[in-house]
Amino acid sequence: MIKHAWFRTTLAVAVASASCQLMANGLAINEQSVSGMGTGFAGRSSSAQDASTVFGNPAGMSRLERAEISGGFAAIKASTDIGSASPNPATGTNLVQGTNEGDIAPEAAVPFAYYVRPLNDKWHFGLGFYVPFGVISDYEKSSQGRDLGLYSKVQVMTLQPTLSYRINDRIAIGFGPTINKIEGKLTSQPLAVTGSDATVNIKGDDIGYGFNVGVLVDVTDRLAWGLTYHSKVDYELEGRTRFAGFPAPLRGNYDATLDFTSPESADTSITYTANDKWTLYAGATWTRWSQLKEIEAINEGMHPGLGGQYDTVGEELNWENSWSYAVGVAYQLNPAWVLRGGFTMDESPTNNADRTVRIPVSNRKIVSLGAGWNINHDWTMDFAYSYLRESKGRVDQTNHSTGTNYSAEYRNSAHGAGVQLTHRF
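Here the sequence shown stands for residues -24 to -1, 1 to 401, numbered as in mature numbering (1 follows the signal peptide of the UniProt record, and there is no 0).
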């Protein structure tokens, strides 16, 4: 008899999988700006260096004196080390036969593009395209944890039209609705169901709507403070669950729906211009990951002989709210070049008790370096490099289809490099 528990690894988990190859924790992505990447995003809501402030703090558009187009991408190369898997000593259960190679995150590129234009001395208009959430995790087909997860891909692409308004010489506000398209795909191999390499494939997509709002205050001529709120976004993914290689009556394709809410976040930072050479940044970001404690998916049109046991399935995640902290510095070497550096500490939303094969992330430390090159009065090019190193974290899960336990130690690291070109006119 096919057990119900193994099927909990559904589209819900594909959407909630962690971005272990990217520079923010959970499934969030930080790479919406290379000029900000150089300082570890420490001054994201208070610096307004270029048109990428559409995402960082829409109020910052009020600081841009001319129209700007800014775009670029960040490339990520990740590595995952997995220690030798072993049975849980408390249960003494055996392992599924297979390999444990690691390096589950393929190379990835994250694009972004922005446009800002002054309308008058009070109002600015902006438009942004960026990727706020995303993940790709791809285990080898013989992975010992393949029953718990083999392949996951989730991507959210956002379009954000934006307005900012300068209240007075010190205070500006900004607001922009967001149009978000989410796509998810998941593959797993519940071997014990049929004793062969049967696979479950789930796909789904939807469009959801939210908003970004921010305030930017020049506390003094040298000190600026910013606060940005990125709203939650509600989705109802519609897609397909496909059972391949299964016996009847389960074999086939089924319509699937999933209610999912991406978490809201709040980012605050300060920027202090010490003198003509040195600028200091400090910031913190709070993300409400606790919204992902449990997600429920619904499959439609299941065979009556299954007794409705697969019509509604869920996954417990027990994620917790998290904080990220960053400090950064910029040094104006000469009129053409500015050098940047930053350090970030990023809390994981999960822990040893709840960490899974699809969510093997831990607390992170990130070191960043960057530079900005003012080619001339109209053109600027920014470069950045980041190195991420995670604390060791243990995955301890039961293979629901076999009753065996998968227990292994994970440690993730990543190199990131980005380039951004800005044109003012």
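The set of hints was computed from the structure by calculation and includes no laboratory data. It cannot be assumed that every hint is accurate.
[What the hints assert, rightly or not] The calculated lysine to any residue pairs, modelled on SDA-like cross-linking and capped at a C-alpha distance of 25 Å, are:
id	residue 1	residue 2
1	K161	K253
2	K253	P311
3	K368	R387
[As the list claims (entries may be wrong)] Cβ pair distances, simulated, as ranges:
id	residue 1	residue 2	range
4	Q308	S62	51 to 59 Å
5	T249	E116	47 to 55 Å
6	R198	D231	55 to 63 Å
All C-beta atoms, glycine included, are put in the ideal place defined by N, C-alpha and C.
Review point. Among the hints numbered above, which are violated by the structure, and what are their numbers in rising order?
Key: 1
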